[in-house]
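Trainee: One-letter residues, chain by chain:
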Amino acid sequence: MTRPSPIIALIKRDLGLALTRGGGPLLGIGFYLTLMAMIPLSLGPDQAVLTRIAPGLTWLCLALSSLLSLERLFERDFDDGVFDVLRLGPLPLEAIAGLKCLSQWLGTGLVLSLATPVVMIILGAAPQTALMALLSALLGSLSFAFIGGIGAALSLGTRKGGVLMALLVLPFYVPPVIFGAGLMQAVQTHGSPWQALAFLAAYALFALALAPVAMGAALKSALS
Amino acid sequence: MITWLANPERFNIIARPLRPWLAGVAAVLLAWGLVLAFMSPEDYQQGDTVRIMYIHVPAAWMGLLIYAAMGVASFFGLIFRHALADAAAKAIAPVGAVFTGLALLTGALWGMPMWGTPWQWDGRMTSELVLFLFYVAYIALHASIEDEPRAAKSTAILAMVGLVNLPIVHFSVQWWNSLHQGDSIFVKGGPTIAPAMLWPLFVMVAAYHVLTAWLFLVRLDSEILMRRYRALRIRLTFN
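Protein chains in written order, with the numbering used here: chain A, 1 to 224; chain B, 1001 to 1239.
A portion of the hints provided could be inaccurate.
[As the list claims (entries may be wrong)] Residues of chain B placed beyond 10 Å of chain A at every Cβ, according to the derived structure:
1) A1015
2) W1110
3) G1116
4) L1236
[To be verified] In silico SDA-like links for lysine to any residue, alpha-carbon gap of 20 Å or less:
5) K12(A) / R87(A)
6) K220(A) / P1149(B)
7) K160(A) / A1151(B)
8) K160(A) / L1102(B)
9) K160(A) / A1143(B)
10) K220(A) / A1083(B)
11) K12(A) / P90(A)
12) K220(A) / H1082(B)
No wet-lab data here; the hints were simulated from the structure.
Beta carbons are placed, not taken as given, at the ideal position from N, Cα and C, and that holds for glycine.
Based on the provided sequences and hints, a complete structural model is requested.
Mentor: Here's what the structure looks like:
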């Protein structure tokens, strides 16, 4: 019998913890839906207004919900010494960080993306936009998970983890939010969505390439 | 040269005598620039309010330049463990934040008579606001890590990630843009701004640069002294 690859093993462990610990993805979804419910309550139920702002606000809620669970991405493993053990293993710190972000995305980002078309339609977007909403949310939440990982790694062991992380990460969420909301706006007005979708995909790839290096450096500095 | 300057003592041998000169030149240039700005002709559309430009444009420029400088300093600090580069990035950050804030503020003051609104969500203003948020995040991260070498490392990573991201943010914001007047200095076929206005602007830009250099050296020196004080205090408590 061969031993399982360390990559698969790590993803399995993190994903298992993400899905079972403390309600799993329900927490993020609950937050997402609650935020969504607050929008008509604060702006009034005027359907014309809601339809116009549905894409933008959905993206804002998606960004905030992705942020919510990031605080715990590295914190527990950092506090109880799992990172020191993982470091002794065959994987470099960059890969460990990247895989943790991937598990984070599989555990919460994916579920939030699946909820995105629903949220957008409830807020008043046309049901035909659902497929594009799902596709763009998948790419967007992937960037959110990886860029957010940089913030989580940087704020490790600081005194004001959560708020600090939001402050660090949100400016970097600007491009995907712009592209994603722009994409949905284009879909709603029957424009061409491909340019925005390409930008969104490009940013996701950029985040995938950059984040592991930055997270590795930040984790090294935190662990030393 | 850069490694040679990593020793704070050696650095101060050069920097300390330079400081009064820089302060003097900055004061003269600022005074000269302001006089030129007030003597320059009014704009045929904007009237007197065009003079806000002489404060606004250099401030916006310095905000960007200082962020780039922080990125470079962070690179040297992180890769080559250059001790002074870490201190330099930390020392210059609030200066850049203030310049960026000044650009936003003067922009709002300029916008009120010109556009009838202090704030317009257009490409450049939004990018400038995001730049300001980058500075805030950088300073907040530095303030929340007690251990100085760790703080330097973490903020260096943030500064470099931010530097890579800034053009992307700028591009994405442009993509979504609206009403700001286009670039009028660095355009093909020479400046579209009148020469009578270009001169005071260049003097002000020069003045801001020298002022920044002076502020930077003063802040860097106080940062070095602060570190020495902390090191001495630790040594005293443990002996």
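Trainee: Looking back at the numbered hints, which does the structure fail to meet, lowest number first?
Mentor: Those not satisfied come down to hint 8.
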